[in-house]
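On the provided structure of chain A, position chain B as indicated by the hints.
As you go down the protein sequences, you meet chains A and B in turn. Letter by letter, the first sequence follows residues -19 to 290 in this note's numbering. Letter by letter, the second sequence follows residues 2 to 363 in this note's numbering.
By construction, these hints were calculated from the structure, which means they are not laboratory data. A couple of the hints might just be wrong.
[Said to hold, decoys possible] Here are the computed lysine-lysine pairs in the DSSO-like style, where the Cα-Cα straight-line distance is at most 27 Å:
#	chain 1	residue 1	chain 2	residue 2
1	B	K67	A	K202
2	B	K183	A	K202
3	B	K168	B	K183
None of the values given here were measured: they were computed from a predicted structure.
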Amino acid sequence: MSTGKSLEAPAQQQPQPSGSPKAGGRFKRLLTTENLMLAPAITVLASITIFPFLYLIYASLMDFALAMDDPTFAGLRNWVRLFKDPAIAQSWKVTLIYAVVGLGLEVIIGVGVALLLYATPWGRNIFVTLWMLPIFVAPVVAGLLGWFMLNSSYGLYAWVLQLVGINTDIFGNVATALPAVILIDVWEWTPLITLIVLSGLQSLPSEPLEAAEVDGASYWQKLRYVILPLSARIIVVAMLIRSMDIMRFIDTIFITTAGGPADSTKIIGLRLFEVAFRFMDIGYAAAIGLSMLFVTILLGQAFVKVMYGR
Amino acid sequence: MATVSFKNVCKNFGDQEVVKNLNLEIEDQEFIVLVGPSGCGKSTSLRMLAGLEEITSGDILIGDTKVNDMEPKDRDIAMVFQNYALYPHMNVYDNMAFGLKLRKHSASEIERQVNEAATILGIEHLLERKPKELSGGQRQRVAIGRAIVREPKVFLMDEPLSNLDAKLRVQMRAELAKLHQKLKTTCIYVTHDQTEAMTMGDRIVVMKDGVVQQVASPSELYNSPNNIFVAGFIGSPAMNFIDCKVKQHNGQTYLVNEDGFSYLIDNQLADYNDKEVVFGIRPEDISYDTTDTPKENCQQVRVDVVENLGAETLLYVSFGEQSVVCRFMGAPKHSVGNNINIALNPNRYYIFDKETGNSLLK
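Extracted from the complex, chain B is given alone in its bound form:
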């Protein structure tokens, strides 16, 4: 078990900067998730830590040891790959025992460790099989088993669940979280799926175009995103964004736009009077407005699409050119084409600078 530090780490492929000045301190026993759209540099960061990619500049430390020029085999890490990367010619037992054999553990010790890991993962009955005789979920268990038998300082997981079907992914997600609670090994997990990030990470690193956008706990990311990218990336369905202008009226500050949108904010935003901003509100912070009289922070909208998910309903509504997603509990009460009134929660909103995308609420 160990801490991991990235200090000013950069990675270029030719002229292209893939990772730009990455600084990250990962604590011992932490489960940290690197998340971002494809091409954001998250996998490259992980592979640099594994030693599979060279670092262009900066330092990577595992514990107190600088590992920049160390071979992967000397870094004492274990990695789970997206495509499992099992050795196709070896059976499950040999796949899991391979790393231990290379480290010259005794045969009895190897057998004990492999059996222990197989029991944890529920694959004892598969030990004699070849990878091609296993299902995707079983293969991924073997790949995880191969990582945990080694008892490494750090686990690296590169999109380990993305080749599994949806149901299995949810199941394995919970199992991985449980496994981490049991083993307490520092774990760095790469995914493009914000749900995985939110459910598994102690802390989440959101990356975009090789730059870290925010490092925070899941609830902090959700409640106070640094910028419009993080706000839009975390949460499903994604946050609604409405372009509008700041207007002072009778000593109060409103956000308004040409589609008839009007929202009273308690924040003064004095510097932004008459300037363009982006208003953000999460689908779950919108409710039905059942009163007939128009109120503050209410909006008449037309229902475009109704998605009934059983426990909840997603309504895709619009007013003027603006589309908004709303999330309500229970079965749908409206059908397509209806005009309804929605109420925007007056206390849970986000405002971002139109130019920089940075949050204006602090």
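Isolated chain A, as found in the complex:
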């Protein structure tokens, strides 16, 4: 408590003339051992998060393009544009589909595989290792891999799809591009869900499960009434991690479709990238970035509520 006080106090004192003896005393109190020891960490934290965050707010209020000489004050122009821009709305829509469908599939498959592995009496580690392989692939490589496999001229999967009568350029078709990038995401990130959920399952207390068996529960009843409720929290954690990840994800889509065709795969992260580094409109990009941060915080809060509100 006292540390908090001594941190606040000098801030209040700052407007006062610096020569006042009172302010000097406060400053001395600030230089306690614990504050001095905290200082490096706080400085680093401030320089890598707080300063950029404040700068982002500043940039979002400026007419700020890399090509121009000096940023000029723009007021809320970037923010107004953000809410009126149909391209942004389209990107949020794509992001929503990408997140809901992708995360939904990842959770269903990931939890299912985790339950299978949990019930496997032997060789679990080998299966886990094999199943985890996609995580170790860099997202860019995963994107390249998907692009090769689904390439309409020489892709293996494309060839298989052609055999069953699907003759289209997967990444070039508005109807198939988004499902394709979602499936690549599912391929790469489902194992992460499995890993998190499996570790949660393995740390479940064995006694309630045994009690359920003795109480007369079949496997499915045990799953429905005991295992899933007890591991709900860890599943929510996995979803939280993945959903925040999806928000800022661009790598795979950048490689495979670059957001096309016709913006059908341009999720908000990719839109931000484009505004910032292709159109060089840093002010507008800052506003988009802050709006993404806002949505991510809301999402995180919602998950935390679900987790602890039970």
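Frame of chain A; chain B shown alone:
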């Protein structure tokens, strides 16, 4: 309600034999206690009966049904676990109703049974609470309630009281005994606490290293233990053991040792003349010797520690290298360092073979 039989049951974990050739017939309505130090195989035996561990060999029967390969859910048993094993996400009512719901009892029937069990255990006011909002004693009541609502053939209890504090344990012990008298369901109770075993069991099974040492009623176990392990395990404070030799003198048999110990026994032990045996005497079979003249079966000792328990006093005394615990009624009459004479009851003693540990008195 049902009988339970273990027939030549063995259990191995890898190379380790945890339960060796267990044979046990448990009668209908009996309260039987499996007792022994940790690692003796008592919990494993119980878990095999519950179906939570597979049997390596042998047969387990509940009633006339062989249950070796039956799922736990089909065995019609109820189990109380050491750590309560309540479902943390369900309230007390749902915890108790869970087994009934799975068995598709009607809602009104479930409500009646849960309320009845809650009344018996005095937890009616806790039905809406989650397990984490309960004290240890309350949790254990809920766990017992979850077992009794089912009205199973057999109750299995795996150290149900060992997580409770001492006072609560004594209270719950009496309540469990009362509950059994009321319900009359066959009950198999595992504990490492010999006091629990002695006070609750109709019969007690003493186990050590996976082998049954003795199956008997509490008083039989106390009065005629089969071997030195049972003798030392049952009774608190534990029986005193004194290594000595059998000596014949003037047609009488004495047990003597180098610390000056001498005890006249009425048993001849002819085969054991000059052989090493272990003499055993319970702390309560030792009394003060107030006469001045030395007598048979008396021993001068030095008082090392005095424990005043109020109603009784424990004296830790020694002579030579030998330590002995004595238990006297009332307040202590001696203090540390005193030399006193103690008299060993000439009629209540135990003699065990030094090699095998088996009792030589039959």
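### Task
If any of the earlier hints don't hold here, list their numbers in rising order.
2
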